[in-house]
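Fit chain E to the known structure of chain Y by using the hints.
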Amino acid sequence: MKSSAISWTWFHKLGSPKWFYAISGRMLPWLAVAAVLLIGIGVIWGLAFAPQDYQQGNSFRIIYIHVPAAMLAQSCYVMLAVAGVVGLVWKMKIADVALQCAAPIGAWMTAVALVTGAIWGKPTWGSWWVWDARLTSMLILLFLYFGLIALGQAISNRESAAKACAVLAIVGVINIPIIKYSVEWWNTLHQGATFTLTEKPAMPAEMWLPLLLTVLGFYCFFGAVLLLRMRLEVLKREARASWVREEVLNSLGREMAR
Amino acid sequence: MSFASFGDFLAMGHHGLYVWSAYGICLLVLAVNVASPVLARRRYLQEEARRLRRENNQ
Chain Y
1 MKSSAISWTW
11 FHKLGSPKWF
21 YAISGRMLPW
31 LAVAAVLLIG
41 IGVIWGLAFA
51 PQDYQQGNSF
61 RIIYIHVPAA
71 MLAQSCYVML
81 AVAGVVGLVW
91 KMKIADVALQ
101 CAAPIGAWMT
111 AVALVTGAIW
121 GKPTWGSWWV
131 WDARLTSMLI
141 LLFLYFGLIA
151 LGQAISNRES
161 AAKACAVLAI
171 VGVINIPIIK
181 YSVEWWNTLH
191 QGATFTLTEK
201 PAMPAEMWLP
211 LLLTVLGFYC
221 FFGAVLLLRM
231 RLEVLKREAR
241 ASWVREEVLN
251 SLGREMAR
Chain E
1 MSFASFGDFL
11 AMGHHGLYVW
21 SAYGICLLVL
31 AVNVASPVLA
41 RRRYLQEEAR
51 RLRRENNQ
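So the protein sequences, as listed, match chains Y and E.
First residue of the first sequence: 1, per UniProt numbering; consecutive thereafter.
First residue of the second sequence: 1, per UniProt numbering; consecutive thereafter.
Chain Y on its own, in the form it takes in the complex:
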């Protein structure tokens, strides 16, 4: 019994706002630097050095932002559902903070994927938008994000809002496999996945390596922005705790000194 108690301490620590605030403050600069480097190198490499596509010409270079944004949009939603389960089962308050703070970032990423996809679709398919399975399921994802954001703001009782959002996040996750397999289940204009775990990418390495960099960079970017948002939300929610007062006073001193 004792050993299992020890192995779970990290999980309960994770639920402690004070511990979260300290550890996230240490992680933030690393994530930010990694995001800037990975996205910077990946985008310059993809825009200027990767060879052009033999069919699509240079318009394919939109892939270096379109695919990372779309992958992140879906991963973010899965993360919301996991946070929802953690919040409902273990009543962990930090899970609701994560859910509320990640939803707007996910919505932005879905919007970027849709807009860059439309801009890419015009020269490639000859149309900004088609009511195709992949595009429609991504649009539904955007509406799910809007629903979550609206629900979180509409209910003034924090605990009820957390429960309602957790349930919506968990139910909505059914859309994720639909997005993923939409290009295989239905006839579609949209091309298949560039990265799969089982096969090598169909494009040459100098095309997919920069894509790998921007994908990783977008994940680091998401981590950094999520931590920024969550840290502020923790300060607001725990405003009466003594460590928060201390932290606010410290930050005030630093801000005034500038």
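Calculated from the structure, these hints are not laboratory results.
Using N, Cα and C, we set each Cβ at its ideal position, and we do this for glycine too.
Fair warning: there could be bad hints in the mix.
Computed beta-carbon distance windows for the label pairs [what the hints assert, rightly or not]:
hint : chain 1 : residue 1 : chain 2 : residue 2 : range
1    : Y       : Trp243    : E       : Ala11     : 50 to 60 angstroms
2    : Y       : Gly15     : E       : Val32     : 27 to 37 angstroms
3    : Y       : Lys91     : E       : Phe9      : 30 to 40 angstroms
4    : E       : Arg50     : Y       : Trp243    : 18 to 28 angstroms
5    : Y       : Phe146    : E       : Ser2      : 31 to 41 angstroms
6    : Y       : Val171    : E       : His14     : 23 to 33 angstroms
7    : Y       : Leu151    : E       : Ala4      : 47 to 57 angstroms
Computed from the model, here is a short list of chain Y residues facing chain E with C-beta under 7 angstroms [as the list claims (entries may be wrong)]:
hint : residue
8    : Arg61
9    : Ile62
10   : Ile65
11   : Ala118
12   : Ile119
13   : Leu228
14   : Val248
For chain E alone, kept in the frame of chain Y given last:
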């Protein structure tokens, strides 16, 4: 380098408008996502500073 000149790079082989508008919009969204929590934090700290000053004056 996959382009012969900087002009070619900007033109992106007749797709310049598409490529650069997509990248521009993406950059704008990323910038908004970074700026909004940073500004919100600064605003919150300023509010707290004002509240503390008021409480001290009483």
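So, going through the hints one by one against the coordinates:
At roughly 56 angstroms, the beta carbons of Y/Trp243 and E/Ala11 sit within the given window of 50 to 60 angstroms. Separation of Y/Gly15 from E/Val32 is about 31 angstroms and conforms to the stated range, judged on CB atoms against 27 to 37 angstroms. Range check, Y/Lys91 to E/Phe9: about 55 angstroms between beta-carbon atoms, so the 30 to 40 angstroms window is missed. Taking the beta carbon of each, E/Arg50 and Y/Trp243 are about 22 angstroms apart, inside 18 to 28 angstroms as hinted.
Between Y/Phe146 and E/Ser2 the Cβ separation comes to about 39 angstroms, which falls inside the hinted range of 31 to 41 angstroms. For the hinted restraint 23 to 33 angstroms between Y/Val171 and E/His14, the CB-CB distance of approximately 45 angstroms leaves it violated. The supplied range of 47 to 57 angstroms is met by Y/Leu151 and E/Ala4, whose beta-carbon atoms lie about 53 angstroms from each other. For Y/Arg61, the suggested interface contact is upheld, since its CB lies about 5 angstroms from the closest CB of chain E, less than 7 angstroms.
Interface hint at Y/Ile62: satisfied, since its Cβ lies 5 angstroms from the closest Cβ of chain E, which is below the 7 angstroms cut-off. Proximity of Y/Ile65 to chain E holds as hinted, the smallest CB-CB distance being about 4 angstroms (cut-off 7 angstroms). The beta carbon of Y/Ala118 comes no nearer than 9 angstroms to any beta carbon in chain E, farther than 7 angstroms, and the hint placing it at the interface is violated. With 7 angstroms as the threshold, the beta carbon of Y/Ile119 comes within range of chain E, its nearest partner Cβ sitting at about 4 angstroms, so the hint holds.
With a least beta-carbon distance of about 4 angstroms to chain E, the hint placing Y/Leu228 at the interface is held under the 7 angstroms criterion. Checking Y/Val248 against chain E: minimum C-beta separation of about 5 angstroms stays under 7 angstroms; hint holds.
Of the numbered hints listed earlier, those contradicted by the structure are 3, 6, 11.
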